[in-house]
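*Asks:* If you read the protein sequences in the order shown, they are chains A and B. Going by our numbering, the first sequence wraps up at 332, each residue one higher than the last. Going by our numbering, the second sequence wraps up at 332, each residue one higher than the last.
Please note: incorrect hints may appear among the correct ones.
Said to hold, decoys possible - Partial selection, computed: residues in chain A whose CB lies under 7 Å from chain B:
#, residue
1, 7
2, 74
3, 83
4, 253
5, 255
6, 256
Derived by calculation from the structure, the hints in this document are not laboratory data. Values in this document were obtained by computation on a predicted structure and should not be read as measured data. Even for Gly, the Cβ is constructed at its ideal location relative to N, Cα and C.
The chain contents come next:
There are 2 protein chains.
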Amino acid sequence: MAVPRRVTEPGSATIAMIADEVGVSVTTVSKVLNGRVDVAPETRARVEESLERHRYRRRASRQPTTPRQIDLVFHELDAAWAIEIIKGVEAVATSAKVDIVLSQLDGAHSPSPQWLDSLLSRRPLGLLLVLCHLAQTQQRQLQRRRIPFVVIDTDSATSASVPTVGSNNWNGGLLAARHLLELGHRRIAVISGPQDVLCSRARVAGFRSAHDEVGVAVDPELVRYGNFAAYSGNDHGLELLRRPDRPTAVFAGSDIQAMGVLRAARQLGLDVPRDLSVVGYDNLPVATWIGPALTTVNQPLREMAGTATRMLLELARGEEPATSRIDLVTELVVRESTAAAPGAR
Amino acid sequence: MAVPRRVTEPGSATIAMIADEVGVSVTTVSKVLNGRVDVAPETRARVEESLERHRYRRRASRQPTTPRQIDLVFHELDAAWAIEIIKGVEAVATSAKVDIVLSQLDGAHSPSPQWLDSLLSRRPLGLLLVLCHLAQTQQRQLQRRRIPFVVIDTDSATSASVPTVGSNNWNGGLLAARHLLELGHRRIAVISGPQDVLCSRARVAGFRSAHDEVGVAVDPELVRYGNFAAYSGNDHGLELLRRPDRPTAVFAGSDIQAMGVLRAARQLGLDVPRDLSVVGYDNLPVATWIGPALTTVNQPLREMAGTATRMLLELARGEEPATSRIDLVTELVVRESTAAAPGAR
């Protein structure tokens, strides 16, 4: 069987060798590596192909004049927790004297080639991704240029090979449901995020496991997937609470979504926690001030962001982090929005 | 009377002239201009002094290789409205293919020399400041390097010579108080931000003007200065509402502070809006979902940030904006947290 011919050992090719093979100047190869757009697309494709085939890796250390910047990119900034992530990154970056370049992808879950070109031309120390992912070819483009990246994972959708800092979503779902079951609730609804986002499914799985532990069946009618916004909690909340067999407790997908559920309860004249218990997710600072103060699952967003930033800076220094996949612990924070089930008092 | 001798017309000095006068190389002057730290402090001071005396202004257009970045600096990121500002800047910057470098000053209202040096060495297209200001010497340092700056003014504390985009705080206070007075309230409390922040005073002044219009006296006991955080609203709210002559309405300094007031009402068993009307400030997205949905003053944070970014990019292109001091309009948004005064029904 023919083995594809590889001219060099992985990582041993030089820019001159690549230039020679493709039949272009060293400057042209260098331009492609630095994301410059003044190279004909066809030439560029040939250079990238050759870089890929030789598994080219940049070896030279960074020029000292390059600004010390890391890129922080969000899938979108609409989520209320974005500021918590920014603060976590900022604290670590500032003390390392590194600047943060902030961007968002207008809801796309993967950056465009143009966006990545612009990034490559700036040569940041590294890249932090929140709720978005790089295609395989994009990952290799960064690897060739020795620009490390780390995913701040609130949705657990990344492969094991990608450095990631997340939190234990399954445990979060388990703790929330256990708390409500211990309070005597037997009809508990869950409104999670989108079903195609893994963290939603992980939390619902934890929620089910807590039910299994005590032998309580989960009514499939009470398992809802929405999104993390307040209106989603309100829509699902109204629908659930208008049922003749309405739940006595709701586990929401975010604190903001829980605010929509609380509003649904008020709209229907139900008192929280007397008639309905509500548990949120995230433990944003605002959770304390919602009326009633929200029982919620603490997702340590700042710590996740800080840990990811430290990991990125280690990788940028050429160090190998002790572990490249970290899940921080989620915890239940009990406040005023949960109480014993109406029948259990 | 001796007039201080000026060797050149303002702005006509060259780097070579400065170098010649100070007795250093052109490279050294260039290093100082670019914020490089490898110049002896004493030399640097002499160069800066000469640049200042000649009112040196960089003339050369920017090098095309300089990254297209603007700096966005916050006094602190703790405020809940920071994300609204970021989104407003982001929308304009992205469509202009400009990156945002984000930083915060840990609560300081003016950047440190180190921070400014780091900025100068990066040579951004310009600088946006939120709730923070540049000292006169810092302003001149930027002007010499043709790095424009614009203040996103939520506190109206800047001088007329500095390009600023703000909103009409006085009008906001007027509208809130008029609304409550029209509902028959006669004992209205105001909890504002810190007294040394001009926007707090402007809002309170507007609040007073509305009282003057209808000949209602403001009880000085009901005028409070706190900060924009929820706990501040809660502390002042509890104190005000425990008074035997408690107010029937509270105008808060922010939506988040209003959440603290709403909590105080709940703690004391007062129903909003039956026993107490509450008006917020900012109109953050969360205001709709607070229980009850918050009547508030819309401060157009995103539009302010977007307008400031457009103004900055104009200045960076060497254009002169039509006007360098813009105040956007504030508006009252009536929701569920205000109703006719108890006596007036």
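*Asks:* Each of the hints needs a verdict: does it hold here or not?
*Replies:* These are the hints, each one checked on the structure:
For residue 7/A, the shortest C-beta to C-beta distance to chain B is roughly 27 Å, which exceeds 7 Å, and the interface hint is violated. With a least beta-carbon distance of about 5 Å to chain B, the hint placing residue 74/A at the interface is held under the 7 Å criterion. For residue 83/A, the interface hint is violated, since its Cβ never comes within 7 Å of a Cβ in chain B; the closest pair sits about 12 Å apart. Contact between residue 253/A and chain B, as hinted, is supported at the beta carbon level, the nearest pair being about 5 Å apart and thus within 7 Å.
The closest approach between the C-beta of residue 255/A and any C-beta of chain B is roughly 13 Å, which is over the 7 Å cut-off, so the hint fails. Restraint check, residue 256/A versus chain B: the minimum CB separation of about 13 Å is more than 7 Å; hint violated.
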